[in-house]
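Asker: Given the sequences, and given the hints that come with them, work out the whole structure.
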Amino acid sequence: MREWADYREDEDEQGAVTVALTGPLLVSSIGELDRALRKVDGPVARVDLSEVTEIDTVGAWVAWRLARDHDATIVGASDKAARLIAAVHRSSGQGAVTPPEYPMFERVTATVGRYVLGLFDGVQRFLGFLGAMLVAVWHLVRNPAEFRWKAFVRQLELVGVNALGIIGLMSFLVGIVIAQQGAIQLEQFGAEIYTINLTGRLSFRELGVLMTAIMVAGRSGSAFAAQIGTMKLTEEVDAMRTIGVSPVEALIIPRVLACTLMMVLLGFYAALLSILGGAFISTMTLEIPFWTFLTRIQEVVPLHDLWVGMIKAPVFGAIVALAGCYQGMQVEGNSEEVGLRTTIAVVQAIFVVIVLDAFFAVFFSEVGWG
Amino acid sequence: MSTHQPDQVEHYPGDYPIVVEGVRNQFGEHVIHDNLSLKVRRGEILGVVGGSGTGKSVLMRSIIGLQVPSEGAITVLGQSITDARGDADIDIRSRWGVLFQGGALFSTLTVAENVEVPLLEFYPEISDRLRHEIALYKVMLSGLPAEAAAKFPSELSGGMRKRAGLARALALDPELLFLDEPTAGLDPIGAAAFDRLTRELTDTLGLTVFLITHDLDTLHEICDRVAVIADRQVIAVGTIPELLSLDHPWIQEYFNGPRGRAAEAAQARTKAMDKPQGGKA
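From first to last, the protein sequence lines are chains A and B. Counting along the first sequence from 1, when you hit position 43 you're at 43 in the numbering used here, and nothing is skipped either side. Counting along the second sequence from 1, when you hit position 49 you're at 49 in the numbering used here, and nothing is skipped either side.
Keep in mind the hints are simulated off the structure, nothing from the lab. No experiment lies behind these values; they were computed from the predicted model shown. Quick reminder that beta carbons are idealized off the backbone N, C-alpha and C, glycines included. No false leads were mixed into what you were given.
Covered stretches of chain A, going by a simulated chain B footprint (3 or more residues, C-beta under 8 Å):
1. 22-32
2. 52-61
DMTMM-like cross-link-like pairs, simulated, lysine to aspartate or glutamate; straight-line CA separation at most 25 Å:
3. A:K80 - B:D203
4. A:K39 - A:D71
5. B:K151 - A:E337
6. A:K80 - A:D6
7. A:K80 - B:E200
8. A:K80 - A:E9
9. B:K151 - A:E101
10. B:K151 - A:E332
11. B:K151 - A:E235
12. B:K39 - B:E181
13. B:K151 - A:E106
14. A:K39 - B:D128
15. A:K80 - B:D15
16. B:K151 - A:E336
17. A:K39 - A:E51
18. A:K39 - A:E11
19. A:K80 - A:E51
20. A:K39 - A:D10
21. A:K80 - A:D69
22. B:K39 - B:E221
23. A:K80 - B:E44
24. A:K80 - B:D224
25. A:K39 - A:E54
26. A:K39 - B:E125
27. B:K39 - B:E71
Answerer: As structure tokens, then:
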């Protein structure tokens, strides 16, 4: 059991009160005593430390504060106690431990103001980022030998090849869900065979690309933001600039290009896997043979459905990569920022992808690719 | 949390708060320490030196239980670290303070809140007001201005961050203080001030200090003894003159190189200035 520090009030003939502190005055035993001593209303003439068994700076501080608050003198202090009190007594014990907090009204207006300014600032920075990209692209067009093939191929592997497993599995399962759920609805008017149209067209036009974009945003967009952000924090990006390597050329262009290219391939791959999933579940539950399902796909899916998907894919890929790289480059200060920027990168990428997808849907219907 | 709450804390009465015996540390095939032994005396500042990569920090991490050695025994304040199974077993954590190389301050908390973390963790019964007061005087003890208490680590300079780290290391009035290269990256004036602070605090608070350093000035100015790590062992422990009397090439080169001699000369000058001048009368 812990032995707690305690205190006793003695009154002498003249009515002067001596507060005698007893027991160990240590950080581990002083919590309760401190509360009690704050309630002592005094006047206290003396603080007696002669019955203190052990003391550390916390004990010295509490004893000294008691003496200071009541204008009392400290008596019976051991050498150690006197030394510790001498060390801590220069502190007033008052002061802020957190940055000052402003009143509600000021806080709200300040937050709104910062947000609005941040919005303008963000637009400006993003335009600056796109400008730097254009400059770098133009530079690479004129000096194609400087293109970083190694980094590009590495990113192709990270973004594309390494994602094959998870994107394949995801698309396969999505295909199963569409075919199965679609079949339940179509069955009601005896049109189960249209499950094939539903799965095939939806996979190529919408889901293959959209789901892949979301997955790539979560896998690669976040990785871009975190990698580049950490490189900013460790001053690697500054080091590159100093050596004369453009960070945009070395870090951003390979990532954006790799992501754009790989989105097309991954989107197509996802569409195929999703159709396979549909065919699989149809074989199992709808009694549509596997090969019949696939040959019907050829007949019912118009070629322009493939184009719709393949036109959207590179745009989505570029958006995901740009969001990741841009947010990564915005990291400044501490490690918390990396996490924050990574989250923003993923959320923004997915949001913009879905908004654009809606526009594309209307656009392609209008041009007759419905 | 209750597992962390220590019973009555008593000062360690023995002479050697840190005893390292026959420790072997290895990462894969790479052996860092082999049969390394070291005893730290109570109340001393022990400087630990060694070339880069000789495992000074690894030794410190082993002593504070962050790295489990593959062989050997480590006893800190009378309690075995190497026999501890899991973190909960080491209940002397409230009795040591550690200053990591970069300060390792929690970046989302202000300096004062950083100091309050160990207090809140170990002694939740301490009232908020006392905790704030403790944080403020620890910040003052570490030589930081009072305004620094409400600042975030990212707003501080490197030297101030080290001091803030020291304030957190001292939060629980530890008996043992581990300092990992406290003066690295500080300007000479800041480094000298930090050395003085370490010495003052050691004498005032009665600390035992395990100090890893490359700074020859620190070794000359404040260390009572110096332990030299080389060839995977502590090859010598003693005062600098004692070490110099040994005929080890690394030690000779370390202390007698141009930097070593400069630091020694600086030390001699300070001593001469401290001496009373009126001897002849």
